[in-house]
Amino acid sequence: MSRKLSFAAAINEALHIAMEADPDIIVMGEDVAGGGGRADQGIEDAWGGIMGVTKGLIKAFGPERVRDTPISETAILGAAVGAAATGLRPVAELMFMDFIGVSLDPLLNQAAKLRYMFGGKVRVPLTVRTSMGAGARAAAQHSQTLYGMTSSIPGLKTVCPSNPGDAKGLLLASIRDDNPVIFCEQKTLMFMQGEVPEGDYEIPLGKAATVREGTDVSLVGVGRTVHTAVEAAIALEAEGVSAEVIDLRSLSPMDEDAILATLEKTGRLVVVDEATPRCGIASDVAALCVDRGFDFLNAPVKRVTAPHSPVPFSPVLEDAFLPSSARIIDAVRELL
Amino acid sequence: MSRKLSFAAAINEALHIAMEADPDIIVMGEDVAGGGGRADQGIEDAWGGIMGVTKGLIKAFGPERVRDTPISETAILGAAVGAAATGLRPVAELMFMDFIGVSLDPLLNQAAKLRYMFGGKVRVPLTVRTSMGAGARAAAQHSQTLYGMTSSIPGLKTVCPSNPGDAKGLLLASIRDDNPVIFCEQKTLMFMQGEVPEGDYEIPLGKAATVREGTDVSLVGVGRTVHTAVEAAIALEAEGVSAEVIDLRSLSPMDEDAILATLEKTGRLVVVDEATPRCGIASDVAALCVDRGFDFLNAPVKRVTAPHSPVPFSPVLEDAFLPSSARIIDAVRELL
Amino acid sequence: MSLSREDLIDSYRQMRTIRRFEERLVDLVTAGKLAGFLHLYAGQEAVAVGVCQHLDDRDIVNSNHRGHGHCIAKGVDVKGMMAELFGKSTGTCKGKGGSMHIADLDRGMLGANGIVGAGIPLTTGAALSAQIKRTGGVAIAFFGDGATNEGAFHEALNMAAIWDLPAVFVCENNLYGEATPMEFVTPITDLADRATSYNMPSAIADGMNFFDVYEKSGEAIDRARRGEGPTLIECKTYRYMGHYVGDPLTYRRKEESEEWRQNRDCLEGFETEALEMGLVESDDLRQIDAEVEILLEEAVEAAEAAPYPNPEDVLTDVYYVSE
Amino acid sequence: MSLSREDLIDSYRQMRTIRRFEERLVDLVTAGKLAGFLHLYAGQEAVAVGVCQHLDDRDIVNSNHRGHGHCIAKGVDVKGMMAELFGKSTGTCKGKGGSMHIADLDRGMLGANGIVGAGIPLTTGAALSAQIKRTGGVAIAFFGDGATNEGAFHEALNMAAIWDLPAVFVCENNLYGEATPMEFVTPITDLADRATSYNMPSAIADGMNFFDVYEKSGEAIDRARRGEGPTLIECKTYRYMGHYVGDPLTYRRKEESEEWRQNRDCLEGFETEALEMGLVESDDLRQIDAEVEILLEEAVEAAEAAPYPNPEDVLTDVYYVSE
Ligand SMILES: Cc1ncc(C[n+]2csc(CCOP(=O)(O)OP(=O)(O)O)c2C)c(N)n1
Ligand SMILES: Cc1ncc(C[n+]2csc(CCOP(=O)(O)OP(=O)(O)O)c2C)c(N)n1
Ligand SMILES: [Mg+2]
Ligand SMILES: [Mg+2]
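Residue numbers (our numbering), protein chains in the order written: chain A, 130 to 465; chain B, 130 to 465; chain C, 135 to 457; chain D, 135 to 457.
Be aware that a few hints might be false.
Taking lysine-lysine pairs in the PhoX-like style, the calculated list, with each CA pair at most 20 Å apart, reads [what the hints assert, rightly or not]:
1. D:Lys213 - D:Lys167
2. C:Lys213 - C:Lys267
3. A:Lys250 - A:Lys336
4. B:Lys250 - C:Lys213
5. D:Lys213 - A:Lys250
6. B:Lys336 - B:Lys394
None of these hints come from the bench; they were simulated from the model.
In this text the structure is predicted, and so the values were computed from the model without any measurement.
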């Protein structure tokens, strides 16, 4: 059975299901309750996270397992790593992915490396949920798409769902994964509605999805840009161009087989990423194509990404910053 | 005139020249003097940095301009950004690039973005010198090559010299650049000797160098891997394969024209990078080749990088981790 | 530290401008004319103005996400600010920064900052410039109670202390960090106590009282200018509105905010005390009120009329390029 | 908190093992047999052992770059450690970690850590596990004076305090961070004072005196076990050798270190006091000395003889893969 839920509600449901099933799961972050547990209010959350994603958790699971933290991201993620290594399964929230600036060490040098440095003798079952991406008029320090950075780090996994149903299944799989996972939530998708199956299910990490079949060109997207790619594919169809759309879903591990398969099928590929262009997912996809996919290539691989600039505030500029279906269509035209 | 100096001595000379010429330049970092200025010792440095790179600076320029800092990387880089925005031209030292984990914010969200966010009304003439790379048996948290991360950040520049002469000229150019520059020093190159011109000269950022001419295949390297590539080229020559070797020198901006020119010449390219493979420079180079260089390509673009793992301690494992000339030669053979 | 008539007039004008600027913003958001994350400063005006009255263009101020008040108090042009919030090319930052990044170094304003705590080390750096370049200036950081739990706060104060930098760290303790009450996340009541860790002088000021803030910060600023090092000042204050425009304010009782507004409002308190001093009359203040309305009206009109940036400008100002 | 004969014997064995382990390492480096960054703990043994005598396998310890002493005191196998330093596959971490990353969670050792300050938040997390899972365990962080200037220290202590976590934060103040004397970078003398910022109890112990460390840390550990929250303990101590093996030690006077070694050595002090207590005899200790030599001899031999990892192992243990 499935029904329509928002992305935020789907994540909330996944958290409820996971916490219900496993008492070792805790949720911690800034305002994840938001004044919850205040004596004169009873155990009730005021916010449940700035997007309301963690709403109701403190009521269901109590203040021991649902913790409003100080504004101390290094301590939040560092403590989550320490807790994960010693028997808990924390779901920590990094309110905006931009704040990785003040909390990279627990990810880069601790979570990602403990298992390796310890010769395989520890597991770090940590999930870090984080809100990311442009489009909300939130300007340069609250709009970045930094999953390329986390994907570059061996020992971490990075996931970025594009729709509510995937978000639920991927989050359940992330929480139950015995490795540290960065779970990226595009902030402008949070109130998007979509089909969400009932009950408990997991979508395996490292598997892309074919969102739309096609034969002439492959459009590879992630998160929000999957929708932009679908938009472009629909417009291209009207021109008689059949575009296949792939949703990467996991960025690390990345589903190389799926990328090579679609390239083999169409011979032409455009990768669409709302991150800035340098050292990111788009380059990795293109590099894969020109290495293992070389024999399939009938045309250059094009990258439609944000420009090499910070995210601007002005709506006019931010709209120009984001990859658009028009830019995808232009790129496709160059390849045909 | 030129003479042989070590990499460390070349950088030291550049710092002397720069500070002599411009009173706004200060040097700050952990142990950059190391007990320097202690009353009973006179103004003398004990260490001059863990590699001795900043030796003699406190004697020449005094403790006001050469500052031993607390072990507070966020404050070091944050203060350097604030100082750069208000009239100084700081050269801050981040002892090991791995420590970007505890100090990414001043780079990611401050240095790189202030100018843009302020509508172009500020300059941030900051240089961050940092020691990086594997090969010194320093294990997972002191051996990373993270210039891919800094190169991904719009607003920053990233430089990585491969020899003493370049190190001097690139550092002088970096310090005098009115943008924030991350200057990466491969730790195993520090005591390498090389020709260093006397006096004051700059090597422009964003320009690669052709280290060795060739016609059959292009090897693109950076820092230490330039030497590995040259080694491979020499071995290949014996087999009758003529390899051109390009030293990127600057990673951001990257010299796209030089890469495309060598690809046009040889039609085959291997990029050699000691960083791990995901979301890095190697992917960017390959992605460039399959986009703007598509028509020149006679073969796949191969990436010879470290594996997707943390840096292991054991010498046996670390040697296996690092790109070797044997692996480059294998990659070249696959292309011919 | 005696205040002249002019000082009083100017201070009132600043506080009133901030208050009305913020109230206008609420109207504009309600009318659907403004987007973005807006964190309003209303209620805390005495802090920004009490401190900045001691400053001039040599002095540097760094602020946080709740930065409108600090910008206005430091002399940033209100019309430019308004245009910035509209994302227009005439904005202080050409529309690129928005509310959380307004800056104007000509006025010594080193920027609002969207990263909690991040402005504090920048301030230490600005103080380092002042010390080394002997500008005679001081550097001021404004930040909240919540920010004192960030590592950056701690590192920056320690560095400023050890180097005797001309800095003043002004903590605006408004009892909440977003929706979370301070007592949930901070085990002490007086954040000024954290100065102990750095052997730094500290003071607690009534952040709703302009005169108290003025006096305590004046002492600290003088000390800094004399080369005697930094100070931490905690100002006990309260934000009247939600954390951001749109905040449902479910985490605090209405009576709590009513009590602050009714009994401790900084504008009302200022008026009473200023009139008692006999240097200004009620009419003076009413005239300022009227002038502020005109200024803001003009600011909104100009901002609405101004052009947006060109889409191509997305790629300018990323790097400095020498001509 | 009275110490039995067994406790004394065991404590001496630990301290002696650490001291001799380190001295062996210097020999091995000199002989060109060991590579890597080695930070020696010699001099500070009373701290690691004084604290860890209170602990068992439920309890978690987190350490820093100077971790050999903490590992040995927490019961990590010395032979495994030696093999680890040789980069052998029989090492505690299969040769992958090296000196700065020795860990053994079966013994509650959550790792040395190469990032200054980074172990402190991990410790807070381990204490959170103990609290939520009601293990009865406590979590201990060992770190240096220099680490108290890292933001991580501040954030982690605050979080532990607000949640009353069963943690003890042990600062080993050995007066230097690398080559930089503490007074250059820290404006206070007693780092225990930094507990004030978190309303946390604190204590100062003579880090050269096993008995003092044992007593002060025992109180803190008991308090933590009773659910009464964390403590900061500063142990005044001194490292005998350079910051790392190879350090030219140009930044401190020889007389300074001689004075610590000659008048305050923890092993000598322990012996005097223990003999006075009448529970152990000099012969007992000399026998331990001999046993320690044998143990270390065996450890070195076994490590030298052990195989290196296979080059392919570079890609194992990056991720946990379910069978
Ligand atoms: C590093 C970082 N963490 C979290 C946030 C999200 N955030 C923005 S404002 C805020 C609350 C800040 O509280 P306080 O410092 O007391 O300032 P106030 O808003 O009360 O003025 C938070 C958590 C942020 N912007 N940056
Ligand atoms: C984040 C970080 N900064 C700097 C270093 C380099 N470093 C290693 S040990 C050390 C000194 C630490 O001093 P302290 O905490 O007093 O410990 P001690 O070495 O004296 O035991 C420094 C600066 C590091 N490893 N990590
Ligand atoms: Mg607040
Ligand atoms: Mg020390």
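Do the hints match the structure? See the list:
1. D:Lys213 - D:Lys167: Given that 20 Å is the threshold and the Cα spacing comes to 16 Å, the pair holds.
2. C:Lys213 - C:Lys267: Violated, because 32 Å separates the two Cα atoms, which is more than 20 Å.
3. A:Lys250 - A:Lys336: Given pair Lys250 of chain A, Lys336 of chain A is violated - Cα atoms ~27 Å apart, limit 20 Å.
4. B:Lys250 - C:Lys213: Distance ~17 Å between Lys250 of chain B and Lys213 of chain C Cα, so the pair holds.
5. D:Lys213 - A:Lys250: Measuring from Cα to Cα gives roughly 17 Å; hence the hint holds.
6. B:Lys336 - B:Lys394: Measuring from Cα to Cα gives roughly 18 Å; hence the hint holds.
Checked against the numbered hints above, the structure violates hints 2 and 3; every other hint is satisfied.
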